Amino acid sequence: MEIHDRQADGVTILSLRGSIDAMTAPKITEFIQGQVSRGNIKLVADFSGVDYTSSAGLRVLLGAIKETRAQGGDLRLTGVQPDVLKVLNLSGFTNILKMFDTADAAVASYS
Amino acid sequence: MVTKRDKPRIALVIGSGSVKCAAAIGLKKVLEREHIDVDMVVGCSGGAIYASLIALGWSVERATESTLRMWTREVTAKRSTRGILQLTLPWVFKFDESFGLIDDRLINRRLHDGYGNAIFADTLIPLFVTATDFYSGEQVVLSEGRIEDAVRASISIPYIFPPQKLNGRFLIDGYQSDPLPIGVAIKEGADIIIAMGFESPYQEHVTSLMRYNFQIASMTSNNLLKTNYAFHNLAHHSEIIPIIPEFKHRIKLFDTDKLPYVIEEGEHAAEQQLPFIKSLLGK
Amino acid sequence: MNTKKRIALVIGSGGIKCAAAAGLWRVLQEEGIVVENVVGCSGGSMYAALIANRVDVKVMEEWSKTLWTSDIMQGYTENLKASKDGSLRFTERSGLVDDSALNRKLREVYGEWKFSDMKMPFKVVATDLLSGEKVTLADGGVFDAIRASLAIPIIFPPWEVNERLLIDGAASDPLPIDVAIQDGADIIIAMGFTLDYRARFRSMTAVQEQLNSIYMNNILNSTYAFYNLAHHAEIFPVIPEFDSTISMFDVDKIPSVIEQGEQAARMQLPHIKRLLENV
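Protein chains in written order, with this note's numbering: chain D, 1 to 111; chain E, 1001 to 1283; chain A, 2001 to 2279.
Keep in mind that the hints were calculated from the coordinates and are not lab data. Treat the numbers as computed from the prediction; the structure is a model and nothing was measured. Hints should not be assumed to be uniformly reliable.
Pairs of lysine-lysine, DSSO-like flavour, derived with a Cα cap of 27 Å [stated by the list, open to error]:
| id | chain 1 | residue 1 | chain 2 | residue 2 |
| --- | --- | --- | --- | --- |
| 1 | A | 2273 | A | 2004 |
| 2 | A | 2081 | D | 86 |
| 3 | E | 1165 | D | 98 |
| 4 | E | 1094 | A | 2081 |
| 5 | A | 2253 | D | 86 |
| 6 | D | 66 | E | 1283 |
| 7 | A | 2084 | E | 1252 |
| 8 | E | 1078 | A | 2084 |
| 9 | D | 66 | E | 1258 |
| 10 | E | 1029 | E | 1165 |
| 11 | D | 27 | A | 2004 |
| 12 | E | 1094 | A | 2084 |
| 13 | A | 2065 | A | 2004 |
| 14 | A | 2119 | A | 2105 |
| 15 | E | 1007 | D | 98 |
| 16 | E | 1007 | E | 1283 |
| 17 | D | 66 | E | 1007 |
| 18 | A | 2273 | D | 27 |
| 19 | A | 2081 | E | 1248 |
| 20 | D | 27 | A | 2134 |
With these hints in hand, go ahead and build the complete structure from the sequences.
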């Protein structure tokens, strides 16, 4: 799992590459927590490089999103690939997370 | 856990439950008395009517009065000639998905009179109304355009009212996908979610095929309510406060004469959760 | 292979599509993945039972072809007509189908099986017709449990077990992963099926079917979503996709249904193996 971050209009965009599962999820959580502790609570996760999300991985990711939300922030998704989208649908994540077609639209949603 | 923001965002979610949804007026009464401001309202099916009245800032009296005017037995009294012909002679009068047994012109007119071209942008607090896409089965969240159209879509009771065509989608009753759409409030950034929901009553005796069908519909709807609630409860970062009014008498679809009783039970159920809501708000 | 992680298999409701479980079972056997307990719902309970007794995949296939034939629907058309004109009195014990053929066929396979004699722990989920509650069956005769779990509302008469009138498990939980969670499973492989949606509606029955599919698919999603968050370890969803609509009696399509089940299982296989190697 590779994670890169960049800023755009006061929003932090995280680009993730690889699989989100029990083994990689702690790294993502740690990364998100690091952002939140620096006051970066408006997050966009670019999922275009995410090819697999496991059940335990999603659970851990949701934990990080909940912490962000408790600080008044949010994590919004973009670039979700079809196979991953199926799992996000089945797991109810599309019901509780905002998703956008482009990173720009996701960033703009915060203003 | 309350958020670290100074002021948590409060959402009101009102689930499906036909006339029982008027209990939301009782809930609103209690919140007003305690000066608890709501930041967004979400409604499904019958709940969409009350969610929209609350969002428009109507007084308790006006909301009650408008329910009595809008929801009378006449709205389902006139059978749809086309619907009946479609049902009896499907090969002559082409049966299609626009089917509904009841002529919906009266309910449409009543909704129009009630909302008078009000649009979502006119509401004092953000409003979200849920319906279900008839082709894909997915929940559809409406937050733009005329409120009467969204409410009409959300109350498209299967078999009774024809589905509502809106923005190229064919929409039916919101309860088919989620009878208590808490997910919308989570997605829209609410912290404290006050969720008023209603279980469908079970048949005491199954004595006909129709009653059997009702029993199965209640069962699936209640199971959907419970499992969605269970999911949202784990998925949310803050508190969800369920308010489930209990009714000693069975409230039927057009029991508007029981409206004062329904509102009272809503008030009563809200009072029970009030101490906890106040403690969350530091009041 | 690590034996510390307990693996459970859950086979959800899906009528004839549940034959895909035979394909999943084949993959798990070939890969030496040891399943410790099995849960089934509705059509899935038939295959869950066969897996729990380690029945050969070939036998499963043959048996599927003999079960899913139209004689299990005997009386349906006549009774439907009679229920419409009022000459058939419908009560909570009724169904539109004469279930004698279904019962005979199920008894041929499961008639003598008892839960206590199964080669692996096995449970079946049904729904209480009067209260709507989910009921987990794990005692007594396997036939009774499967027959109850298969009782599609309106179509098949409910089945009485321990003085409760039971119907299709799908009405409360089409993919009962929680039973496996309660029984202490770590890794849960859950095979579920979505109901097909229609594009054309030429009759009231078509509208009814669509509304039922919407309900069922939403219940499947919401229960899965909850279990996904409630479980402590991995759940691997195996959801076969079919190119064409599989109707209730498409016995000709059974080999391809099994094939699809195998393919869907193979898609999750690398992830399952990776997890087993890393614990």
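Hint check results:
1. With a C-alpha separation of about 14 Å, the suggested pair residue 2273 of chain A and residue 2004 of chain A falls inside the 27 Å cut-off, and the hint holds.
2. With a CA separation close to 41 Å, the supplied pair residue 2081 of chain A and residue 86 of chain D exceeds the 27 Å bound.
3. Proximity of residue 1165 of chain E to residue 98 of chain D is assessed by CA-CA distance (about 25 Å); at most 27 Å being required, the pair is judged to hold.
4. Our distance criterion of 27 Å between C-alpha atoms is met by residue 1094 of chain E and residue 2081 of chain A, whose separation comes to about 21 Å.
5. Our distance criterion of 27 Å between C-alpha atoms is met by residue 2253 of chain A and residue 86 of chain D, whose separation comes to about 25 Å.
6. The hinted pair formed by residue 66 of chain D and residue 1283 of chain E meets the criterion: a straight-line CA distance of about 25 Å does not exceed 27 Å.
7. The hinted pair formed by residue 2084 of chain A and residue 1252 of chain E meets the criterion: a straight-line CA distance of about 25 Å does not exceed 27 Å.
8. Restraint check for residue 1078 of chain E and residue 2084 of chain A: the C-alpha separation of about 22 Å stays at or below 27 Å, so the hint holds.
9. For the hint pairing residue 66 of chain D with residue 1258 of chain E, the CA-to-CA distance comes to about 41 Å; that exceeds 27 Å, so the pair is violated.
10. At roughly 34 Å between alpha-carbon atoms, residue 1029 of chain E and residue 1165 of chain E are farther apart than 27 Å, so this suggested pair is violated.
11. Between the alpha carbons of residue 27 of chain D and residue 2004 of chain A the distance comes to roughly 25 Å, so the proposed pair stays at or under 27 Å and holds.
12. Proposed proximity of residue 1094 of chain E and residue 2084 of chain A is supported: the alpha carbons are some 21 Å apart, at most 27 Å.
13. At roughly 38 Å between alpha-carbon atoms, residue 2065 of chain A and residue 2004 of chain A are farther apart than 27 Å, so this suggested pair is violated.
14. The straight-line distance between the Cα atoms of residue 2119 of chain A and residue 2105 of chain A is roughly 22 Å, inside the 27 Å bound, and the hint therefore holds.
15. Taking the CA atoms of residue 1007 of chain E and residue 98 of chain D, the gap is about 22 Å. The hint holds against a cut of 27 Å.
16. Proximity of residue 1007 of chain E to residue 1283 of chain E is assessed by CA-CA distance (about 12 Å); at most 27 Å being required, the pair is judged to hold.
17. Simply put, residue 66 of chain D and residue 1007 of chain E have alpha-carbon atoms about 17 Å apart, close enough for the 27 Å limit, and the pair holds.
18. Using a Cα cut-off of 27 Å, the hinted pair residue 2273 of chain A and residue 27 of chain D holds, with the two alpha carbons roughly 21 Å apart.
19. About 38 Å separates the Cα atoms of residue 2081 of chain A and residue 1248 of chain E, which puts this hinted pair outside 27 Å; it is violated.
20. The straight-line distance between the Cα atoms of residue 27 of chain D and residue 2134 of chain A is roughly 39 Å, outside the 27 Å bound, and the hint therefore fails.
Taken one by one, the earlier hints fail for this structure at numbers 2, 9, 10, 13, 19, 20, listed in ascending order.
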